[in-house]
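**Q** Please take these sequences and the hints and turn them into a complete structure.
Protein chains: 2
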Amino acid sequence: MADIDNGSAQPAPRKRADARRNERALLDAATAAFVTSGVDVPVRDIAVRAGVGVGTIYRHFPSRADLIVAVYRHQIEACADAGPALLADSDTPHAALARWIDLFVDFLVTKHGLAAALQSDDAAFQTLHAYFLDRLVPVCDQLLDAAVAAGEIRPDMAAYGLLRGVGNLCIGAGNDPRYDARRLVDLLVAGLRVR
Amino acid sequence: MADIDNGSAQPAPRKRADARRNERALLDAATAAFVTSGVDVPVRDIAVRAGVGVGTIYRHFPSRADLIVAVYRHQIEACADAGPALLADSDTPHAALARWIDLFVDFLVTKHGLAAALQSDDAAFQTLHAYFLDRLVPVCDQLLDAAVAAGEIRPDMAAYGLLRGVGNLCIGAGNDPRYDARRLVDLLVAGLRVR
DNA sequence: CAATATACGGAACGGTGTTCCGGTTTCCAA
DNA sequence: TTGGAAACCGGAACACCGTTCCGTATATTG
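Chains A and B, in that order, give the protein sequences. So in the working numbering, spot 54 of the first sequence is number 964, and the numbers just go up one at a time. So in the working numbering, spot 99 of the second sequence is number 1009, and the numbers just go up one at a time.
Mixed in with the good hints, there may be bad ones.
Because identical chains cannot be distinguished in the list, a pair is counted as satisfied if it fits within a single copy or across any two copies.
Stated by the list, open to error - In silico SDA-like pairs for lysine to any residue, Cα to Cα no more than 20 angstroms straight-line:
1) K1021 <-> D1086
2) K1021 <-> C989
3) K1021 <-> V951
4) K1021 <-> D1031
5) K1021 <-> D1032
6) K925 <-> L937
7) K1021 <-> D955
Think of the hints as simulated: they come from the structure by calculation, not from any bench. Only a predicted model underlies this, so the values are computations on that prediction, with no experimental measurement involved.
**A** Structure below.
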């Protein structure tokens, strides 16, 4: 994964300079294009921005999902890492859960089309789906377990379902001032509480 | 809108027989195709099923949304009509709201891709969006108002936002046994209650 | 500097929504 | 019944998209 491989063996024999240059250009171009036109921006647009051919995109990022993951990896990791920290800092596990989900919503609503791509059953987005799940489900599970243990929420909600629900609620947020995804997510999290 | 216009004037001079035949064939074909392949089924598939050319589809239904509305109009009307009835029959307004939303969810989860189309900002689906809103928002508003008047729920939730949230939660339901849209919707409606 | 592996670019392909127009069918009036 | 205008039909054609493929160019190595 890393460009600089300094392990004992060299299974990654360092890529050609132009390849590394193009990969960086592609990442920058995609980042900008996603902001301007959403994650559904046509592949050719990204290629033009980066000054490369479309073939080069597919060589570096076999599927659109790989490109999306590469662009947002840092932010997703940050979100995942924030889970345990919030659990330690918050008054109650439920408060930590609420704050963590808020972070997740913040991330999603600022990326046009990402929430929709996340739920798409298109095979091209399977990698994306898998990455989000791998990173976030365990964290969410930890928060849920803590809140259940504290007797704050019902014990029958799986992290997977909750995350998908939150993701779904974020679809289209930002396109319509009448639709407040954050508020609905808050309602959902509130509905989780034991009565 | 009606084929048989028996008003005083005849502003709709009765369509040609082949036109009516094709419109019916298209409606039947689309209904079947939507069940088999979802509402995103390619236009050509519907044309083949109906035994007509693609041009004929666009003549009768200028946008895919018009076709979807035509296919599901009866069920949507039934859902809208059920609102006042439930309000009269249920123990409390909140119960009526919950049961009505359940009806809406029932409808959405059995139509593959419809919930997604409903939230799409694609211009082709604007008619669909508008029809659902025109028919369902007033009903939902009535139920919400009653529940607020009864002191059961918070007064700051608009019907539009609630319906979009419910619609969003139904996206992808039925594709994945681990995702239970109905349960999340229940949670959302539960979160609406005053505490 | 030459040889070779590596990477590049963009034409080409298959699939989709949508438009357009020459030919056909229906229907009404004579 | 029949002629012809109006309405309608079919599918070719176009634009756009993701994806693949391969002849060419470039970087690296010895």
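**Q** Now, for every hint given, state plainly whether the structure supports it.
**A** So, going through the hints one by one against the coordinates:
1. When the C-alpha separation of K1021 and D1086 is checked against a cutoff of 20 angstroms, the pair qualifies only within one copy, where the shortest distance is 14 angstroms, while the shortest distance between copies is 24 angstroms.
2. For the homomeric pair K1021 and C989, the shortest alpha-carbon distance inside one copy (14 angstroms) is at most 20 angstroms, but the shortest distance between copies (34 angstroms) is not.
3. Taking the closest pair of Cα atoms, K1021 and V951 come within 20 angstroms of each other only inside a single copy of the chain (12 angstroms); across copies the shortest separation is 28 angstroms, beyond that limit.
4. For the identical chains of this complex, K1021 and D1031 are neighbours both inside a copy (19 angstroms) and across copies (15 angstroms), given an alpha-carbon limit of 20 angstroms.
5. When the C-alpha separation of K1021 and D1032 is checked against a cutoff of 20 angstroms, the pair qualifies both within a copy, at 19 angstroms, and between copies, at 17 angstroms.
6. In the homo-oligomer, the alpha carbons of K925 and L937 lie at most 20 angstroms apart inside one protomer (16 angstroms), although the nearest pairing across protomers, at 56 angstroms, exceeds that limit.
7. Taking the shortest Cα distances, K1021 and D955 sit within 20 angstroms of each other inside one copy (17 angstroms), while across copies they are farther apart (34 angstroms).
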